[in-house]
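Trainee: Each chain, letter by letter, is given below.
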Amino acid sequence: MEQLNWYYPEDLNEAARLVSDGDKAPHSGGTALIRKGFRKIKSIVDLSRLPMHDIEVQRDRIEIGAMCSYDDIIRAFRSVDPGHVLVQSLKNSASTPLRNRITAGGSVAAFPAWSDFVGPLLLLDAKVDLIGRETGTFPLSNYLNRRELRAGSIITRILTENFPHKGLHYRETRTHVDYPAFTITLTAAPADGVFKGLRVVVVGNKERFRRLTELEAALNGKTGSILDSLNIDDFFPVDFPDRKHGSGEYLGHVARIALMDMLKMIAGGQA
Amino acid sequence: MKTKLTVNNKPVSVQFSPTDRLLDVLRNNGFSEVKEGCRDGECGACVVLLNGKLVNSCQVLAASAMDATVTTVKGLEKDKAAPIQEAFVDAGAVQCGFCTPGMVLATYALLQENPAPDTRQIQQALDGNLCRCTGYVKIIEAVQLAAERTNSHE
Ligand SMILES: Cc1cc2nc3c(=O)[nH]c(=O)nc-3n(C[C@H](O)[C@H](O)[C@H](O)COP(=O)(O)OP(=O)(O)OC[C@H]3O[C@@H](n4cnc5c(N)ncnc54)[C@H](O)[C@@H]3O)c2cc1C
Ligand code: FES
Ligand code: FES
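Line order of the protein sequences matches chains A and B.
Residues 631 to 901 (my numbering) make up the first sequence, in order.
Residues 287 to 440 (my numbering) make up the second sequence, in order.
For the record, the hints were derived by calculation from the structure and aren't laboratory data.
All residues carry an ideal CB built from backbone N, CA and C; glycine is no exception.
Any given hint might turn out to be false.
To be verified - Think about it this way: if two alpha-carbon atoms lie no more than 30 Å apart in a straight line, the pair counts; the simulated DSSO-like pairs of lysine-lysine are:
#, chain 1, residue 1, chain 2, residue 2
1, A, Lys-666, B, Lys-288
2, A, Lys-670, B, Lys-290
3, B, Lys-288, A, Lys-757
4, A, Lys-826, A, Lys-836
5, B, Lys-339, A, Lys-654
6, A, Lys-721, B, Lys-339
7, B, Lys-339, B, Lys-296
As the list claims (entries may be wrong) - Derived CB-CB ranges, DEER-like:
#, chain 1, residue 1, chain 2, residue 2, range
8, B, Gln-409, A, Ile-862, 28 to 34 Å
9, B, Pro-297, A, Lys-670, 31 to 37 Å
10, A, Lys-894, B, Asp-404, 48 to 54 Å
11, A, Leu-634, B, Lys-360, 29 to 35 Å
12, B, Met-287, A, Ile-887, 49 to 55 Å
13, B, Gln-407, A, Asp-651, 45 to 51 Å
14, A, Gln-900, B, Lys-288, 53 to 59 Å
As the list claims (entries may be wrong) - Residues from chain B that keep clear of chain A, each with C-beta distances beyond 12 Å, as calculated:
#, residue
15, Asn-314
16, Asn-315
17, Glu-322
18, Cys-332
19, Val-334
20, Gln-371
21, Asp-376
22, Cys-382
23, Pro-401
24, Ala-411
25, Val-423
26, Lys-424
27, Arg-435
28, Thr-436
Please model the entire structure based on the sequences and the hints provided.
Mentor: Structure (structure tokens):
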């Protein structure tokens with residue numbers, strides 16, 4: 631452990647060169663690295679001096695530098711759209727001092743089951759900019775699913791769509807300050823009693839995440855009254871592992887109830 | 287590894303190993319007002335202001351805080367910290383006192399940004415600080431009292 635080396639690159643080329651051999655761990659907030667321990671790590675590349683601290687919120691797109699903290703993201707939306715789905719999800723995640731430390735890039739790379747960040751990003755069709763062994767812009771879902779994209783590369787920026795949709799983010803927790811067992815995130819265009827542009831994603835299930843495309847197709851264009859006859863089981867192909875919060879079966883029941891409540895809120899214009 | 291930190295406005299040279307946490311480096315160098323609770327980022331006993339931001343020092347690797355400015359509860363500006371500390375005593379928000387340095391720092395960080403927080407905002411700002419003694423009601427009253435006193439002096 632004493633031989634562990636730290637590198638402090640000051641430009642992106644140097645950082646890309648350092649990480650591309652795949653045997654050095656990038657460091658952003660460090661919270662997941664500390665939790666995991668350093669047994670398998672020989673070198674660390676600190677990303678804090680790289681130009682990845684900016685965030686830009688436009689009407690139709692969002693660009694988040696990988697070193698932005700959860701708090702930076704919440705602040706960036708404060709004057710523009712304080713009810714944005716990213717604000718709803720992040721302001722209840724972890725705790726105030728942790729939100730000052732946890733970064734966007736580290737959170738996507740770590741993608742824990744309790745992530746409050748990845749669900750909204752998936753709904754916003756996020757892409758990640760990578761440098762290192764892989765260079766270019768890749769859909770977030772590919773980055774999460776393909777190991778070869780992650781090893782030896784650094785996320786420098788997260789790019790997403792933005793739209794004036796309503797959003798809701800549900801966290802299944804035992805107390806306010808708890809890791810969620812799973813999250814459900816939903817966005818929909820505001821429309822009088824009719825589902826429009828509905829997108830739903832579950833994070834923390836056995837597959838790690840699942841976009842509920844069948845449910846979206848069944849509801850989009852329909853009025854809220856369709857919920858009275860909807861059998862949610864037909865549109866919820868999601869299994870949860872057993873967690874401290876409860877058995878997988880229990881979490882599945884809770885998720886279905888939470889999702890129905892969220893859909894009713896959207897249909898009733900309460901979101 | 288070595289670096290020079292500025293802790294409570296004074297330069298401090300520190301040595302540490304590559305995986306040491308800022309919490310341990312501070313405590314090993316005499317800043318025992320930074321308390322060690324869970325070491326997991328859950329209790330807030332260890333919070334400090336790192337370059338002005340409230341963070342859990344147990345969740346910060348010292349090697350990532352090269353040349354940083356750190357403020358512990360003892361380094362807060364006296365005129366701003368004293369009303370908070372007095373309010374905690376007057377409201378009965380201190381029992382064993384173990385959480386108090388973290389609570390005072392979190393309150394300071396909140397009032398710097400929002401001088402008149404409502405109850406919800408106080409709860410949110412202190413959501414990373416656990417207290418096993420008081421039950422939190424008096425802590426929230428203390429923050430309200432500190433805000434009132436600070437505002438009436440200004
Ligand atoms: C007590 C506690 C509670 C928490 N609760 C929540 C919660 O409720 N909701 C939530 O969303 N999160 C929560 N988190 C945060 C989450 O668990 C992770 O710790 C965090 O998201 C990691 O971000 P980081 O910036 O600290 O990453 P780091 O620890 O720096 O890095 C994480 C991983 O990604 C790699 N990495 C870092 N930066 C990059 C990059 N730019 N590109 C590629 N790879 C990179 C690292 O090598 C490492 O493998 C909590 C954390 C703690 C400690
Ligand atoms: S000791 Fe750091 S949060 Fe508990
Ligand atoms: S006063 Fe004892 S832990 Fe808060």
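Trainee: For every hint, state whether the structure bears it out.
Mentor: Going down the list of hints, with the structure as the test:
1. A:Lys-666 - B:Lys-288: holds (24 Å)
2. A:Lys-670 - B:Lys-290: At roughly 29 Å apart (the allowed maximum being 30 Å), Lys-290 (chain B) and Lys-670 (chain A) satisfy the hint.
3. B:Lys-288 - A:Lys-757: violated (38 Å)
4. A:Lys-826 - A:Lys-836: With a Cα-Cα distance of about 29 Å, the restraint between Lys-826 (chain A) and Lys-836 (chain A) holds, given a limit of 30 Å.
5. B:Lys-339 - A:Lys-654: holds (28 Å)
6. A:Lys-721 - B:Lys-339: holds (16 Å)
7. B:Lys-339 - B:Lys-296: holds (18 Å)
8. B:Gln-409 - A:Ile-862: 28 to 34 Å: With a Cβ separation near 33 Å, Gln-409 (chain B) and Ile-862 (chain A) satisfy 28 to 34 Å, so the hint holds.
9. B:Pro-297 - A:Lys-670: 31 to 37 Å: holds (36 Å)
10. A:Lys-894 - B:Asp-404: 48 to 54 Å: Given about 29 Å between the Cβ atoms, the range is violated.
11. A:Leu-634 - B:Lys-360: 29 to 35 Å: Hint holds: Cβ distance 32 Å, inside 29 to 35 Å.
12. B:Met-287 - A:Ile-887: 49 to 55 Å: Distance hint for Met-287 (chain B), Ile-887 (chain A) holds at roughly 51 Å.
13. B:Gln-407 - A:Asp-651: 45 to 51 Å: Between Gln-407 (chain B) and Asp-651 (chain A), where Cβ atoms are some 47 Å apart, the hint holds.
14. A:Gln-900 - B:Lys-288: 53 to 59 Å: holds (57 Å)
15. Asn-314: holds (17 Å)
16. Asn-315: holds (20 Å)
17. Glu-322: holds (14 Å)
18. Cys-332: Contrary to the label, Cys-332 (chain B) does not stay out of reach of chain A, its closest Cβ about 9 Å off (not over 12 Å).
19. Val-334: violated (9 Å)
20. Gln-371: holds (20 Å)
21. Asp-376: holds (24 Å)
22. Cys-382: Non-interface label stands for Cys-382 (chain B): nearest chain A Cβ at 20 Å, farther than 12 Å.
23. Pro-401: holds (17 Å)
24. Ala-411: violated (6 Å)
25. Val-423: holds (16 Å)
26. Lys-424: holds (19 Å)
27. Arg-435: holds (22 Å)
28. Thr-436: Correct as stated: the minimum Cβ-Cβ distance to chain A is 19 Å, above 12 Å.
The structure shown violates the earlier hints numbered 3, 10, 18, 19, 24.
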